[in-house]
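Next come the chains, spelled out residue by residue.
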Amino acid sequence: MADWYEVCGLEDVPLRGSRIVKTGEGCIALFRTADNDVFALDDKCPHKQGPLSQGIVHDRSVTCPLHGWVFSLETGQAQGADIGQVKTTPVRVIDGVVQIQLTENTAA
Amino acid sequence: MTKEKLVVIGNGMAPGKVLETLLEEAPDRYDIIIFNAETRVNYNRIMLSPVLTGESEFEEIVIHGDGWYIENNITLYKGHKIVEIDKTAKTVTSEHGVVQAYDKLVIATGSYPFIIPVPGHKLAGVLTFRDLDDVHAMMLAARRGGKAVVIGGGLLGLEAAAGLQIQGMDVTVLHLMPTLMERQLDESAGYLLEKELQSRGINIITKANTKEILGETKVEGVLLDDGTVLDATIVIMAVGIRPNLHLAKDSGFATERGILVDETMQTSDPDVFSVGECIQFDNRTYGLVAPLYDQAKVLGKKLAGKPTDPFVHSESATKLKVTGVNLFSAGDFASGDDRQEIVLRDAAKGVYKRLILQDDKIIGVVLYGETADGPWFYQMLKEGEDISEMRDSLIFGAAYAGGGGSDPLALVAGMSDGAEICGCNGVDKGTIVNAITKDGLCTLEEVRACTKASASCGSCSGLVEQLLALTLGDSFDASAVKPICGCSDLGHQDVRRMILSQELKSIPAIMQALEWKTSCGCAKCRPALNYYLVCAWPDEYVDDGFSRFINERVHANIQKDGTYSVIPRMWGGVTTPSELRAIADVADKFEISIVKVTGGQRIDLLGVKKEDLTAVWADLNDAGMVSGHAYAKGLRTVKTCVGTDWCRVATQDSTGLGIQLEKAMWGAWAPHKLKLAVSGCPRNCSESTCKDIGVICIDSGYELHFGGAAGMHIQGTQVLCTVGTEAEVKEHIFALTQMYREQADYLDRIYKWADKVGYDYIRSVIVEDAGARKAYSDKFLFSQTFMQDDPWKERVDGKEAHHFGAPLIPKKIAETV
Ligand code: SRM
Ligand SMILES: Cc1cc2nc3c(=O)[nH]c(=O)nc-3n(C[C@H](O)[C@H](O)[C@H](O)COP(=O)(O)OP(=O)(O)OC[C@H]3O[C@@H](n4cnc5c(N)ncnc54)[C@H](O)[C@@H]3O)c2cc1C
Ligand code: SF4
Ligand code: FES
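Chains as they are written, first to last, in my numbering: chain U, 1 to 108; chain G, 1 to 817.
Isolated chain G (complex conformation):
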């Protein structure tokens, strides 16, 4: 039986949710074909703001990677704009001429940014803020510095302004109205926001009416109505969006301001549906994700043939995603004779809270500075709860109203099961608590993966953690957000993000910018920060030996008696008679106590006195040997077996491949030690399946493994993928290593990192996204160009001689006490 064909036009957030719901309810019902004008997979558009600031990478905001479409048998045409819908023939036609028949059609064309048609609006340098291309265009422009003018002081305009400022531009926001975000904020909150942004160096001009964009071929300035001229190298138009209805309108569907739909998302044609920002329902259009997801769930179920509640309009809450600015608003906050308000201000703390009441119900909320109670107020607003009983203490928030004193958990404890915790993904308290108890979830990451709560903008992460604490009691360990150490409240990931977004390039710079609580850190944070800097700025950062553990500082392993052990590299575990002779000579010459074969296929010289280290290395260098980094949070060994050169069952040259990998990767610093192995066949004599990264050669090529360990924690690897050539092996391994280097917390080995972010997620990037793989691999190789100087030779040549200074002898001076 052939399946019905479901065609979707547009691949934004709304249809993404439709398909998730549909696949959950009726996975096999349709052949699904998507056409998307954008040339990429489904991503979280709202997170473009942190991509612009540098706090997120595009890879992190992908909702469905390429693998998802393959897994679900969905055909995705990227970069195919649909130009015609033929309702009678039931076909759609793409601009590249693909004609596709449908049984059911979903139009999800979203919206487009409105451009004020002032003179000059077509000049090069006039940009909008809608998709990844726009973000790239802004970042590119920002690289040259210069001045940006953002027209529009709403949510999008301000997020663009904050991002461009962090990217180093001199930013002015022009806003037509007297206060910012006037659709979401009242005057007082708008004023506080304006002051905050100005104190960060963003220039804000309100009541500014743009008359013309000046310039010959590209933007040079902006002229206002009152004659003011502002210099500008780019202009961002962020004055609003318009439902993208042209395709539907031209194809004969009923439209007004948007595509008209009924409460089941059906258009004027019974086989055609529409969701997202392109629709008009009950005389309203939409611009925030939460209601779109409600629509999407209705349509997903309907397409699955399941019973569904009709879509109903509900109030949405707004937050501004500018790091450090806390604001929350929902509902209607205009004053009126039949309305009362409750206001709380704390000027010193910059806090402003206002509730608008009508008939003893909250109809509007504006919070600035302190927003923790936002969801609690919002829930009462949505449910139309009568607040007359707690009116006196209402403004102080849930902690007081619930009689719970100042216990932060009282807030979540007081919420009903239906209370929405994650606005972006529409997840309520009951669902989260249920998932925690039923599926045994213990961390924020697990709740995110399982329920999607806090997986989008992340602003409800705190609430989700409180739910974890509430549900699990003492057994909840907030390790997900454990601070890096006692010197800071920030977690590893926060610090890593800020290093990049604020371009922090030294340990003192990090400590100043991120308000370290100690003057120069501790033995926990300093090595972590030093590594993060090495990883972030391989070409610029000068390694700080005094922030490294002794072993990495002196490039040898300290032993219990204060002597050192020295392990030279033995590429892939292969040595030569002359190397062995040199090792023997060194052992004799420096009276080395013991020569031992290590578990890593090489030789350890133990009991070397610190003052002999440089001389020992000089001799080993002369015989062609370099440091084995047996001390390093970085590449250690690449174990190999004898392979096709000798072994009667080997399938590939495992020894040669191991040597190539070790030669390419030695010197690379990493969050923790990194051990590799290459086995010539599945008998696995080099124990590839318990290494951080392992290769098992097979007849048809190479099976790549990752995430193994055999220390205190024994864990077999998981398969990454199978590839056909050595070149592919290398690209995959370099890419995986670099992704790990950039993402893991310091002191997490690959398996720990993979447990946190998900093995599938790593596969989706390294295996399924060829572009990302290539980019990571290139970054690895770039970084390696600065890392492969033998640290032993450098120190023999005098680098950091102070670490090896001879003991001092005290000399008596005349004075006696």
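With the rest of the complex left out, here is chain U:
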């Protein structure tokens, strides 16, 4: 069972920046692109667990701060020659409030 959870106002996530959301199954990185789209991905790079939230956001991608892998924010897929995928979490913005969809035990 999945429910929608409020996390913060859209303005609380810096443009081309990120915020971290704590959940029962580790941290989720919330990204806001230059075009005001919001994405949520696990804050853990499949390469060596780098914190993706600390990377550089460009277009709809983020570059991992540790070794520079690039991931699509939409699909979580590694771009270019690297192989890997980060789990994405459904996210929506309603009346300026960012909401993510979590299952009961993840949210805890």
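Be careful, since some hints might not be right.
Computed list of lysine-lysine pairs in BS3-like fashion (alpha-carbon distance at most 30 Å, straight line) [what the hints assert, rightly or not]:
no. : chain 1 : residue 1 : chain 2 : residue 2
1   : G       : K104      : U       : K44
2   : G       : K812      : U       : K22
3   : U       : K22       : G       : K301
4   : U       : K44       : G       : K589
5   : G       : K104      : G       : K382
6   : G       : K812      : U       : K87
7   : G       : K524      : U       : K44
FYI, nobody ran anything at the bench for these hints, they're computed from the structure.
Using the hints, position chain G with the ligands against chain U.
Relative to chain U, chain G with the ligands alone:
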């Protein structure tokens, strides 16, 4: 034995080449003395146009810096105009009264801009376009905005107009003839050019006859024959040049329109020669560099006493140096009964090509919009090649004629060895290919340095690269022009130039103006652009944290487990008990996993959680410590040794000097990390000889080093120079740092940059040119006034708090899906 005295009047491009040839052939034959009316060294006059647009700096267009004259034992009198030549006594006299005897004399007085003697031509604000002073006058006028009227729609007038427009002026070009550049372009090409310039906002009036320049004391407007009045704050006269023959004429030499010379450049006096735009040969005078260099080589060899071919006239090709306008013309393009033409147009692409043929030979070429085949046509024109065999496909260019399909290399492959690649410096294909194979050259820069090909106006750079590709095959890596990243086709240097010339002051502005292919860049270009903007506009640009790598964004080094390391500055590696106590307290309070002495003479606190960073900094700040920028592409450490205070063999206060340097330079962003060291004597205990910039103290002063590295790449430094005082050390180091900051590609350390531009070139600016050194040093200090706020304190005080926001906790809402 005393040497013969060779005196040269004028120090322009032509005599510069004469001397290069002479020194190559017979380095020790003469005592050489040059008198130049201009107060500067020899520079590339044709590059004044990009200086005016801001695409080049004067330093970049110097051909022979002061060091060159010293090295070659040449006396250069700057700002000395010669007012008299006494042929009988064999002396020249300068306007300051210097009398110099000669055995051989070269007159190279060039030409001067013609000024139409209409009423008002002497008003303040009537300018010409000939030397650096003119460029400065135009740039100064442009700073106040306003309107410029350029009289003359030829090469010089249009380059001036384009430059002034880029500098922000409202520009009108007045041209007497119905189409622009009518001496080089036919009507169609002239029309395309006019349309292009007008679409850039340059107003063009053809068939315009200037009647009067209006104004009381300074220019206020221009009145045309037909009664039109144009407002103007400056007027540029670019209606043509006249050979500067007065000195020769008044001194009794044979002159007509120019100084008469024979095919060995000898004047009517057997010991006196003349080259350049001041001469008249075979009833012709000259206004482009290529034939002047031919003359210069003839004279250089002759003066060296070597056999030489006579100078012969040959057709010159013309290009317009306005960025984004491609045109090429050569030869004679008037129509005639005995002539045929081949024309190709592509309106959508704005391409127009026309060849003029006579007796199955090309006698004229006009290309607009697409000019890659220009040199190929030009070569056939010069060699008088019979084109009847390939006539049908000729206009489509070398790629088709050679049967090479659309392979761009077919063009250069099809050229003969004698084909001229670089018109400015007269370098042919054979010479370049030979240099590539013999000297093992691999990059455009190396070919430039070694052969001079593409070293002047640069328009043949593409051809030279194709030659590299052709000669080296797959091993040629066009890294010289590698785009900054996949988001753009432009290289780092192009981007840097455009930021300045187009005054681009934000990342979005750069991406828009330079047509970035992605909407907001990538992790490669964004940090580079952010740095270029910080460097270009230190007082205006607001740093964009989101374009910085995480370390620079949060002013700490990220570790493999996502924690951070914190390294405070320890000036020159010197600390105090109270600082150490504060570091110990911080380590205890925040349960810091490990305290380590770094390789850079300071202490690292590792394993700090991101949410603790601001609190850690607050405590360190309270004890008087600031960020050590251990994360920065910028000034890192200045290592020192104990110096005269303690060491029994030290020669200077190396510790004190290191601390002074670190205090003056901390906070400076740079293309890459910048590490310094000061050692108290040549035993070199602070390892100065493997730092980006190193100082080794010696009895008589300080030996300055640069270009070292000891990371993945180990490289000893080279000596920059030796100076006597601490003040000089600082000025040299600040200047070198600023030159590096302004010129290097992002992520090139000093040694990489120096490998690209040449260690000697850097020395020639920083050591030999006191003016340039002072200017760079001043710019560095100016920039530093905006950089020395401790980033830790700023963030403790709340700056960019969003980078340190606490983790969010999700809150369930009513709706269930
Ligand atoms: C902490 C320190 C090691 C130590 O424990 O001593 C260190 C740590 C790192 N060095 Fe270093 N270097 C440290 C002194 C050096 C030195 C010695 C020196 O400065 O005298 C060198 C060789 C000298 C030189 O730079 O030429 C050095 C050559 C490098 C290089 C290779 C640079 C090169 O141009 O080849 C890198 C990689 C890079 O920068 O791209 C590097 C990169 C790194 C990075 C930043 C790795 C990275 O990219 O994340 C390490 C960060 C660890 C951290 O978070 O603290 N580090 N590093 C030293 C910090 C000095 C300081 O006080 O600021
Ligand atoms: C803005 C601009 C753009 C140009 N673009 C191009 C181009 O794209 N392609 C091209 O081929 N050509 C171009 N040219 C033309 C080219 O620069 C000249 O053909 C070339 O510089 C002439 O060289 P020179 O040595 O004959 O004379 P100059 O370079 O004019 O040198 C003459 C020197 O002699 C000095 N002098 C004069 N009288 C005396 C005296 N009595 N005593 C002492 N010194 C004296 C002068 O001060 C001057 O420094 C351009 C020119 C300008 C101004
Ligand atoms: S040498 Fe390598 S492992 Fe050691 S600190 Fe430097 S970068 Fe890290
Ligand atoms: S941990 Fe992300 S790229 Fe290595």
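Unmet hints by their number, sorted upward, for this structure
1, 3 and 5
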